[in-house]
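Put together the whole structure using the sequences plus the hints.
One line per chain: the protein sequences are A and B, in this order.
The opening residue of the first sequence carries number 103 in this note's numbering; numbering runs sequentially from there.
The opening residue of the second sequence carries number 569 in this note's numbering; numbering runs sequentially from there.
The set of hints was computed from the structure by calculation and includes no laboratory data.
Note that this is a predicted model, so its numbers are computed, not measured.
Hints are supplied without guarantee of correctness; some may be wrong.
To be verified - Here are the simulated lysine to aspartate or glutamate pairs, EDC-like style, with alpha carbons at most 16 Å apart:
1. A:Lys227 to A:Asp192
2. A:Lys227 to A:Glu284
3. A:Lys277 to A:Asp234
4. A:Lys153 to A:Asp192
5. A:Lys153 to B:Glu595
6. A:Lys277 to B:Asp576
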Amino acid sequence: MALKGTISREGPIEAAARFGDRAAWSELIARHNRRVMLSLLAQGILPSHAKEIAQEAWLRLITQADAKKLDRLELPGLAIRQAIFLARSDARKVGHSTVSLDEAPDEGNGESPEMAFLSRERLLKARERLNDFAPSARAIFEQLYGDPHLSHAEVAAQVGLSVQRVRQIICEVRKVLRAELEGGSNAAAHRR
Amino acid sequence: MQRHIGADVVEQYVMGALDIESSRFVEGHVAQCAECAAVLQNEAAVEVAMHEVAVLKKVVSLSARRRRVGALVASAAVALAAGLVMVISVDPQPAPTERPMLRHCIEASTARDCISRAQFDGVITIGPDREPIVPLYDQVSPEGAVP
Numbered sequence: 103m104a105l106k107g108t109i110s111r112e113g114p115i116e117a118a119a120r121f122g123d124r125a126a127w128s129e130l131i132a133r134h135n136r137r138v139m140l141s142l143l144a145q146g147i148l149p150s151h152a153k154e155i156a157q158e159a160w161l162r163l164i165t166q167a168d169a170k171k172l173d174r175l176e177l178p179g180l181a182i183r184q185a186i187f188l189a190r191s192d193a194r195k196v197g198h199s200t201v202s203l204d205e206a207p208d209e210g211n212g213e214s215p216e217m218a219f220l221s222r223e224r225l226l227k228a229r230e231r232l233n234d235f236a237p238s239a240r241a242i243f244e245q246l247y248g249d250p251h252l253s254h255a256e257v258a259a260q261v262g263l264s265v266q267r268v269r270q271i272i273c274e275v276r277k278v279l280r281a282e283l284e285g286g287s288n289a290a291a292h293r294r
Numbered sequence: 569m570q571r572h573i574g575a576d577v578v579e580q581y582v583m584g585a586l587d588i589e590s591s592r593f594v595e596g597h598v599a600q601c602a603e604c605a606a607v608l609q610n611e612a613a614v615e616v617a618m619h620e621v622a623v624l625k626k627v628v629s630l631s632a633r634r635r636r637v638g639a640l641v642a643s644a645a646v647a648l649a650a651g652l653v654m655v656i657s658v659d660p661q662p663a664p665t666e667r668p669m670l671r672h673c674i675e676a677s678t679a680r681d682c683i684s685r686a687q688f689d690g691v692i693t694i695g696p697d698r699e700p701i702v703p704l705y706d707q708v709s710p711e712g713a714v715p
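Structure (structure tokens):
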């Protein structure tokens, strides 16, 4: 599954970070690091190494910002691209990942338009499928996945449900959307 | 060799639902087990896709909004053209082709008067928020048109 970083715009915290505010950087790392980690894990990089790469990616961004080399700071997309770039450079030196990153389609240039269309098509189908759920389940999903700094507990507190129930709802939604993303309900049967 | 980790546990891991101890166990296991590492990779890709699906709503909404505005402008242009045809057929004195189809009223200080005049003139206006404002043909007749 070849997916790009999420669409985002530079907000006030990003702008502050770009001008050297370390507290803003801490906030942004706390908010987006999980998403960066997930992108690395999805590339087949092992967690211990993914943590190192993610840390290095943030450090590079901070250094670039300090050197006034960043015109915009759009997160998490920029951090994801930086991390994947580092992972690819690293993979050429040593074999940390379970699959060769060089063999994987390049996220920037190597992905064929057809694949990108299929990918987007599936995402759109999954999005449509989401509309089949009750508004409350949809709202929980959108809050949790659309707002990267919210934890399960925070979402549960906001909607007045237990953390267990929120996770149960998310798992149900995720299962259906997953089947859609994997090309129909039959794909779910292939799960271990 | 240890038993494989269940896919549900790996799913919980990528969702961030495991405690620190369980997370460390998963991380330690996948470092030794290629099969479970592959499961982790797949689950992480699914989790990334979930984030994409959640974000997609905004993009879809924006596209839909653009389509709506486009349709509105197109229908307004048709209505305006029809109005101009009426003007030409009834009174040849004004030169409707000289009247701009679109008027920019983006200066906040003068926008109100500018939009008001444009509404009276039956001209589509671009307001300070860069959104098109369509004249109300059923309430205000274009200048020179027969009511």
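Right, here's what the structure says about each hint:
no.	hint	result
1	A:Lys227 to A:Asp192	violated (35 Å)
2	A:Lys227 to A:Glu284	holds (11 Å)
3	A:Lys277 to A:Asp234	holds (13 Å)
4	A:Lys153 to A:Asp192	holds (14 Å)
5	A:Lys153 to B:Glu595	holds (11 Å)
6	A:Lys277 to B:Asp576	holds (11 Å)
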